[in-house]
Amino acid sequence: MSNEQEPLLDGDDIQGNILPGFNRTERYLVAFTCAEGLRLQRALARLRPEITTMSQALGHRDDRKLAFLAGAPPPQRTDLWVNVALGIAATEALGAHGVAALDIGENMPFTQGMTPSLLGDPYAQTLPDGAENPAALANWKVGSPSKRADLLLIFAHDADVVTEAAPVVAEIAALLGCQPIYCEAGRMLDGEAEHFGFRDGISQPGVRGKIMQNGTERLVTTRYGVPSRDGIDFGKAGQPLAWPGQFLTGQSTGPTDRPMLSPELTNGSFLVFRRLLQDVHAFYADTDSLARKLTVDSKVEIDGAGLRARIVGRFPSGAALMRFDKDPIRQEDPNAVNYFEFGTELPPIVLDDQTKIDGSAADPDVLRGRRCPVWAHTRKVNPRDQPTDRGGRVETQGFQMLRRGIPFGPPFDHANPCNLRNKESRGLLFLAYQRSIDRQFLVLNSDWMNTRTGPQAGGFDLLVGQYVPDEAGGQYAPKSASFFGPRSQAAEPDFIEPQRQWIIPTGGGFFFAPSLAFIDKYGAPLLALRETDRAPA
Amino acid sequence: MFKYAPPADVDDLAGRPSRAAFLDDWHAAIAANFADEIANLPPNNKLFFSEVATPATSADAPISWNAFPLSITRDNPIDPVARWDAADRLANVDRSPDKNYKIPMPCRVQDEYCEWFAYRQTLNGPITRIVFTAEAPEYWIALAGHDFDRVVELYRQNVSPSVQPDELELQQDIVFGDRVLKAGTYNPYNEWNTTKGLIHLTHPANTLGAEINLAARATIPRRDANGNRVTDVRRFACASNFGDPNRSSDPNIGIGVNLTAIPAAAGAQVQSITLANPVALYIDQLAAGTVTDAGGTPLSGWFKIVRGVTGRGLMAVLEPPPASPFGLDKIHIRGRALTHGGQVADRIQMVLYGKTANLGEHTPPLQRCIMHCCCATAIPDVGKVNLDHNPVADICDPVTSKDAFPELIGPDAAPALAAAKNESGATVTKLGLTRLAGGRDVQ
Ligand code: HEM
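These protein sequences, in sequence, are chains A and B. Everything in the first sequence is counted per this note's numbering, starting at 4 for the first residue and increasing by one. Everything in the second sequence is counted per this note's numbering, starting at 1110 for the first residue and increasing by one.
To be clear, the hints were calculated from the coordinates, so they are not data collected in a lab. Because the structure is a prediction, the values reported are computed rather than measured. Glycine included, every Cβ here is placed at the ideal spot set by N, Cα and C.
These stretches of chain B come out as covered by chain A in the derived footprint (C-beta under 8 Å, 3 or more residues): (1) 1167-1177; (2) 1333-1346; (3) 1439-1453.
Non-contacting residues of chain A with respect to chain B, defined by C-beta distances greater than 12 Å in every case (computed): (4) 149; (5) 207; (6) 222.
Using the sequences and the hints given, assemble the complete structure.
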């Protein structure tokens, strides 16, 4: 399809963490409980000039790309970036009732808020041993009924985000008349990995559309000359292009779609925030012992690292199992790392700049996934060319979100397991933007990761899936998966069933990340606020 | 000796004299169905087999899909209530043995091999019980042929104690597949299975015969006009002569079978494939956490498989467990008050099981597409709409419609059409189903 038909997006109206994402070293999440319209208006008015827009963040992305191409380290900036998101209590308090109506889907998750039923989380308030259950909503660090997150601020910086953000946080606290209920810093780990050691943030949908930059039009997502396949156009190889309406309110979902929405409701996006605690020790110990068991009981030659890669669907470097038999020494070209499907062989291609991209294999037993198990995390959430319980490639692409997560907590010290820091909390501040929480995040999370049979039968997402069967009294039950190694077509497949939950939710919320026009409208009555007026009486 | 068992091994005739003959006949009918489908495959493409001839050697390979009709979702992409309403409307299927007149029979439009019925105490009153079925009509027709009294008993147990034998009988001859059901025998479209209740599937495509036909025909690999193998799920369903490309089930089963039998991976071993015994389509399970109280806390014991077992469910019921202080009118489905069976179907997974064996077959040649799909010219995104599935000889109307996937048959397909028309199985059985109110007519 020609680029001509793609919509012109207003880069100054869209928050930068939605597009193209805050690609900075540090993040700082701060949440407040406040459902008073006037105070929220004042807070928005104060935040308005600080908000980092898509245009600003795109400039930084360009600098990163140039540095990458030159083999230089990523550029560091000194300015503080900030984005904002609102919970349902805040949008209602502001009188922005139209936001709830944008919450399309079956279950109105934005309005309902996070519930164990929607998310599949455990809900017993105590664990079988009587200790408090940190995964139960009531005990969450943020987003529990007593710690409702109405206003979420997302700061970004490269060196000292907490200190840099402190004055703004203090001013907002004063305007809202309350202290934050939650503050947490996140930081990119070496190699852009998450705490289990796997490179993250590799696969993102490409967004169609153009913006004006320095007086000229440019595409939001660079096209590298990847040939279209089955009617799908690509940015990078393996990066299908999606219409902006998949992520932004009031934007088109196809070439002839012309949505009509008032300016303040346009260019917003629904944000899912999950504070996911990762038990690195358990993940390594359990996978090592499961691998040993497979080797002994079933004569499957696999070690812990091999099993972990199958659980993720990629090797630690980010290389996909569908492209490599073992982790390559050199990190793959960004244009190659996503160039794979599961049931289809892809041919080698040459990009516009003459870069050659090797083709990739198809799975010899695609129904079960011999190369990459059907239950591997990345295959669960993006089965690509595969048929699913909910359709096929088109539907699957429509479920994808813009993931903007960042790890929190210190890296795990594998070399020195007794390091006291290993006892500290660590995990992922999972953040994802989309048009419909119900039809995007909740499909991937609840219909696919949390089930044995979605999108294809064969096992749970052992990495992230939550399994709390109705008869388990609100506690986790072990998740199983069929291990389809070389014996994939044997009469008795091997099952693996880790007994511990490696990732548990300990906070979060559903939010609306509004446009700048929204902030202007709802913060506007107070934009002319005098310094002395800032703290409400 | 290998014997095809009734779906989920249900033993409806336990202890009755009719049992042995029924089980023999059931086996014979399924075996014959397999034999017919295998005979209809091209001689160089016999990858579908029956365990009557050879045992399968693999474990069960499940293929799953969602119970809510995807075609109805495509027709109602935004408003869930419209979608759930549409799925609850009845349609008519013409079952006349004579083309000079019609015998419209009521049937449901729920076409993912799962149908449901919401029982209410009063018309439009609150729902008291919802029953879901995955049972094919063939089983009930066969059962009634052997033991009509037992069928009446099962209706009384599962549908209503007031069911009378004559209410389950046909008033006139009707066609069902390639056979005629005689007046006075079991009527699969009786009111207790359509307007007043439910015991088995009624949508004309929801049959066991369709399942076997689909699995067999899906073993034929297809190539597009450029000679490339078709591996995309919807394109493959459009290109082949099985099932309906608009559903979630058929295309999913089709490509699953196809890529398992003939993997796209270079050098991978070709596998012969069959449907696991007992052959049936099953309700797998309801996703955890679906049914909650009004406060959002998940409830257990409300959704039960009452015929079959979890993973091989034939009938499931959503109703209050004994001693529950409240009924379905007080429960929520993922935080939303229960108003439609479709809300629950959204969270039900269906499954069928394949099995494979290495029977030394060779990779069959790619066959050209035998069917193709059309849609309205104005549709920009064919992936998001329902398509018309036609034999290649029926080209898309050049004015109002276009080929959804033009590469399948290519622009110069016309001369090849006549040849394709003569290929075995190139005709589609038109279902003759008409939606009664709104929605798309299915032909
Ligand atoms: C602590 C929790 C999690 C960890 C450690 C984790 C880890 C990973 C890793 C290592 C990747 C591969 C890198 C990439 O393709 O970008 C990945 C991809 C992905 N994850 Fe997660 N993830 C977590 C939570 C989630 C959650 C809650 C979701 C929500 C549904 C999710 C959805 C995805 C998606 C959509 C992809 C991209 C798959 C693709 O397009 O190939 N992840 N994740």
